[in-house]
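K.L.:
Sequence:
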Amino acid sequence: MNLDIQNLRRVAGVSALAVTAIQTVTAAVAIPRQRRDYADGAWGPGLAAVAITGAALGTGDPVRRWTTAALTTAWAARLEHLMLGRLRGKDTEDDRYTDFLAGSSTAAVIGKVFVTQAVSQLLVSAPTQVAAASTLPKGRRRLLFPLGVAIMVTGAVVEGVADRQKDTYSAQPREERPSVLDTGLWAWSRHPNYFGDSLFWDGAYVAAAASPPAGWTFPAPIAMNYFLIYATGAKRTETKMQDRPGYRDYQKRVSFFFPWPGKHA
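Quick note: the sequence shown, position 10, residue 10 per this note's numbering, numbers continuous.
Heads up, some of the hints might be wrong.
[Said to hold, decoys possible] Taking lysine-lysine and the BS3-like style, the derived pairs with C-alpha atoms no more than 30 Å apart in a straight line are: (1) K235 <-> K263; (2) K252 <-> K166; (3) K90 <-> K240; (4) K166 <-> K138; (5) K263 <-> K252; (6) K138 <-> K112; (7) K235 <-> K166; (8) K235 <-> K112; (9) K240 <-> K138; (10) K235 <-> K90; (11) K90 <-> K166; (12) K252 <-> K240; (13) K235 <-> K252; (14) K138 <-> K90; (15) K112 <-> K252.
[Said to hold, decoys possible] Distance ranges between label pairs, derived from CB positions: (16) N2 <-> T116: 18 to 26 Å; (17) R9 <-> A102: 34 to 42 Å; (18) N2 <-> A102: 43 to 51 Å.
Derived by calculation from the structure, the hints in this document are not laboratory data.
Ideal Cβ positions, reconstructed from N, Cα and C, are used throughout, including at glycine.
Construct the complete structure from the given sequences, taking the supplied hints into account.
P.N.:
Below, the structure written as structure tokens:
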């Protein structure tokens, strides 16, 4: 058994405190302003806080702890820059939150948004927490660590490039740009940014699974992929974009989530 149970309890406990603090501050700012969508800005920092906690307090392999923390923090910093730009660019709350929370009391909003997100952050980061308290084995299984790092980097690059392409498209005057972004990575997947995000967290799981105990945290990447595809990501975006001119044709030509050569228009 290469898992330090006592250390894992410490890492998990402090991680829970860090995530709770971030969500509490966000809720305190967001609710009075009727901007519950500020929760989007707390997602990356919460996950980075868990990774840094594991790196600082864990007793597992130090190279893996700090590599994971560095990659997660870089991923979170880029996402936070993107989220803050979008939140500051709007004077009103995102319709997703307004519709979802219509008629909800303050207590219900806290539970539906901020508590749910805190629990999700702790679930998604479970592989990182377990890995922080685990040593690497001496056999071939330890190679899952560099493989996972490679997957994380690839996912971060895909997500970053996709978001940049989307921002470049959105910056064009509406009357001059195509009705649908279908070039670059968007010619291979209708949601390459979400795909890159999922790849990043799949990689985090693979890197952690180099230690056998962390292999049992497979519900974490499953949950993240569910969030990105069904709960808050791609499927929800599809519904929103359904009536945009040219989008139904785009759906016929380009893969939904996993990149695949598209059909020519």
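K.L.:
For each hint, tell me whether it holds in the structure or not.
P.N.:
Taking the hints in turn, this is what the structure says about them:
1. Distance check on the hinted pair: K235 and K263 sit about 21 Å apart at the alpha-carbon level, within 30 Å; holds.
2. Simply put, K252 and K166 have alpha-carbon atoms about 20 Å apart, close enough for the 30 Å limit, and the pair holds.
3. For the suggested pair K90 and K240, the alpha carbons sit about 18 Å apart, so the restraint of at most 30 Å is met.
4. Note on K166 and K138: the hinted pairing is violated, with a Cα-Cα distance of about 44 Å set against a maximum of 30 Å.
5. Between K263 and K252, the direct Cα distance comes to roughly 8 Å. Compliance with the 30 Å bound is thereby established for this hinted pair.
6. Taking the CA atoms of K138 and K112, the gap is near 44 Å; set against the 30 Å cutoff, the hint is violated.
7. Distance hint between K235 and K166 is fulfilled; the C-alpha atoms sit about 18 Å from each other, no more than 30 Å.
8. Of the pairs offered as hints, the one joining K235 and K112 holds, with about 20 Å between alpha carbons and a cut-off of 30 Å not exceeded.
9. With a C-alpha separation of about 49 Å, the suggested pair K240 and K138 falls outside the 30 Å cut-off, and the hint is violated.
10. Taken as a hint, the K235 and K90 pair is honoured in the structure, with Cα atoms around 23 Å apart against an allowance of 30 Å.
11. The straight-line distance between the Cα atoms of K90 and K166 is roughly 17 Å, inside the 30 Å bound, and the hint therefore holds.
12. For a cut-off of 30 Å, the pair hint linking K252 to K240 stands: about 17 Å separates their Cα positions.
13. Distance hint between K235 and K252 is fulfilled; the C-alpha atoms sit about 15 Å from each other, no more than 30 Å.
14. Annotation: proposed proximity of K138 to K90 is violated, straight-line Cα distance about 52 Å (limit 30 Å).
15. Taking the CA atoms of K112 and K252, the gap is near 35 Å; set against the 30 Å cutoff, the hint is violated.
16. In this structure the hint that N2 and T116 lie 18 to 26 Å apart at CB is violated, the actual value being about 33 Å.
17. For R9 and A102, the hinted distance range of 34 to 42 Å is satisfied, since their beta carbons lie about 40 Å from each other.
18. At about 49 Å, the beta-carbon gap between N2 and A102 stays in the expected band of 43 to 51 Å.
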